[in-house]
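The whole structure should be built from the sequences, with the hints applied where relevant.
Respectively, the protein sequence lines represent chains G and A. Using my numbering, the first residue of the first sequence is number 18, and each one after it goes up by one. Using my numbering, the first residue of the second sequence is number 10, and each one after it goes up by one.
Computed Cβ-Cβ distance ranges for the label pairs, DEER-style:
| id | chain 1 | residue 1 | chain 2 | residue 2 | range |
| --- | --- | --- | --- | --- | --- |
| 1 | A | R76 | G | N54 | 32 to 38 Å |
| 2 | G | K112 | A | V141 | 34 to 40 Å |
| 3 | G | T156 | A | E80 | 38 to 44 Å |
| 4 | A | D144 | G | K37 | 32 to 38 Å |
| 5 | A | T98 | G | V96 | 50 to 56 Å |
| 6 | A | R111 | G | T87 | 24 to 30 Å |
| 7 | G | D149 | A | K146 | 42 to 48 Å |
| 8 | A | T98 | G | T87 | 43 to 49 Å |
| 9 | A | A41 | G | K117 | 23 to 29 Å |
| 10 | A | A69 | G | K117 | 26 to 32 Å |
| 11 | A | K158 | G | N54 | 40 to 46 Å |
Sample of chain G residues facing chain A (criterion: CB under 10 Å; computed from the structure):
| id | residue |
| --- | --- |
| 12 | Y28 |
| 13 | K38 |
| 14 | A78 |
| 15 | L79 |
| 16 | E82 |
Here are some chain A residues the structure puts well away from chain G; computed CB gaps all over 12 Å:
| id | residue |
| --- | --- |
| 17 | E94 |
| 18 | R109 |
| 19 | V141 |
By construction, these hints were calculated from the structure, which means they are not laboratory data. Idealized CB from N, CA, C, for every residue including glycine.
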Amino acid sequence: MIPCTDFIPAYSELFKFLEKKGGRKAVEDFWNYLSDNFLTNLRDLVRKHGLLGCWLYWSRALNEEAADFTMKLDEKKQVFSIVMHKCPSKGRLLKCRHIKPYPDYCRHCDVLYRRILEPMGFEYLADFSGCDRARCRLTLRRLTSHVSRLTRS
Amino acid sequence: MRRRASDNEYLHRDFHGALSTGLEYLHRRYGAAAVREYLRQFTAAFYAPLSREIGRRGLAAIRDHYRKVYETEGGRLSASLTDHELTMTVPYSPAVRHLRRRGYPVARLFVETIRTVNETLCEGTPFEFELVKYDPKTGSSVQRFYRRKQ
Numbered sequence: 018m019i020p021c022t023d024f025i026p027a028y029s030e031l032f033k034f035l036e037k038k039g040g041r042k043a044v045e046d047f048w049n050y051l052s053d054n055f056l057t058n059l060r061d062l063v064r065k066h067g068l069l070g071c072w073l074y075w076s077r078a079l080n081e082e083a084a085d086f087t088m089k090l091d092e093k094k095q096v097f098s099i100v101m102h103k104c105p106s107k108g109r110l111l112k113c114r115h116i117k118p119y120p121d122y123c124r125h126c127d128v129l130y131r132r133i134l135e136p137m138g139f140e141y142l143a144d145f146s147g148c149d150r151a152r153c154r155l156t157l158r159r160l161t162s163h164v165s166r167l168t169r170s
Numbered sequence: 010m011r012r013r014a015s016d017n018e019y020l021h022r023d024f025h026g027a028l029s030t031g032l033e034y035l036h037r038r039y040g041a042a043a044v045r046e047y048l049r050q051f052t053a054a055f056y057a058p059l060s061r062e063i064g065r066r067g068l069a070a071i072r073d074h075y076r077k078v079y080e081t082e083g084g085r086l087s088a089s090l091t092d093h094e095l096t097m098t099v100p101y102s103p104a105v106r107h108l109r110r111r112g113y114p115v116a117r118l119f120v121e122t123i124r125t126v127n128e129t130l131c132e133g134t135p136f137e138f139e140l141v142k143y144d145p146k147t148g149s150s151v152q153r154f155y156r157r158k159q
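This is the structure:
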């Protein structure tokens with residue numbers, strides 16, 4: 018059995034395997050598939066609770082992943098943010114001396130979550146400039162045009 | 010909410026779901042051989058230190074590795090070890106149990122996370138692996154490692 022604690026290197030190696038099979042497109046195709054078929058819980062939570070759904074989703078995931086993070090939700094302003102001080106996944110990969118992480122590892126988060134949240138009416142801003150130190154930042158903002166569209170319907 | 014890494018234990022069981030989804034994707038898109046090829050590559054790369062330890066310490070290294078794995082995941086494992094053979098009996102797989110409880114699909118080749126992984130762990134060591142029993146519903150299994158005949 019592969020324990021869930023070894024999943025991150027398994028995931029990184031899967032991206033490398035796919036890239037060898039069919040280039041970057043093969044990796045992107047997989048990320049899109051994963052977003053559509055596996056992250057249905059995030060989609061359901063956001064559909065039901067709006068931005069609070071993001072809070073609920075990441076509260077569980079990031080605590081279970083023992084992440085070092087600050088998460089904020091301003092329901093009045095409809096802004097949700099995560100500042101990842103140390104990403105447990107990337108942190109593990111960087112610490113692991115005997116395997117090389119997939120070079121574009123961090124971008125899977127961007128693809129997976131953006132694909133769900135933008136069509137639901139959120140502006141999705143991600144900053145991966147601190148990726149090589151296992152740091153990143155995500156800000157989600159409800160687009161007013163989408164709110165008025167929802168109000169009208 | 011502010012959390013530090015030390016505030017929580019690292020155990021995100023939904024990762025089993027992501028792995029299962031990945032294996033099923035590989036199977037559908039590239040065929041069964043690709044699933045085995047990927048698991049073989051992953052094991053050879055990531056578990057290389059464990060394979061070296063098996064070469065040094067023998068089957069006790071495998072037993073210790075899996076004891077820790079099942080303990081961390083809240084599972085059970087009974088192991089019978091001699092110089093030439095290790096038999097591990099697992100009443101249920103914590104991974105399969107989590108997938109079933111959360112309603113995640115179990116990849117058709119999820120069994121390869123045992124068979125291919127363990128066969129690959131033995132490569133370059135004096136040992137071989139045989140999956141004696143496996144129940145795809147619960148993931149219960151009997152796993153046997155034994156000394157290769159010269």
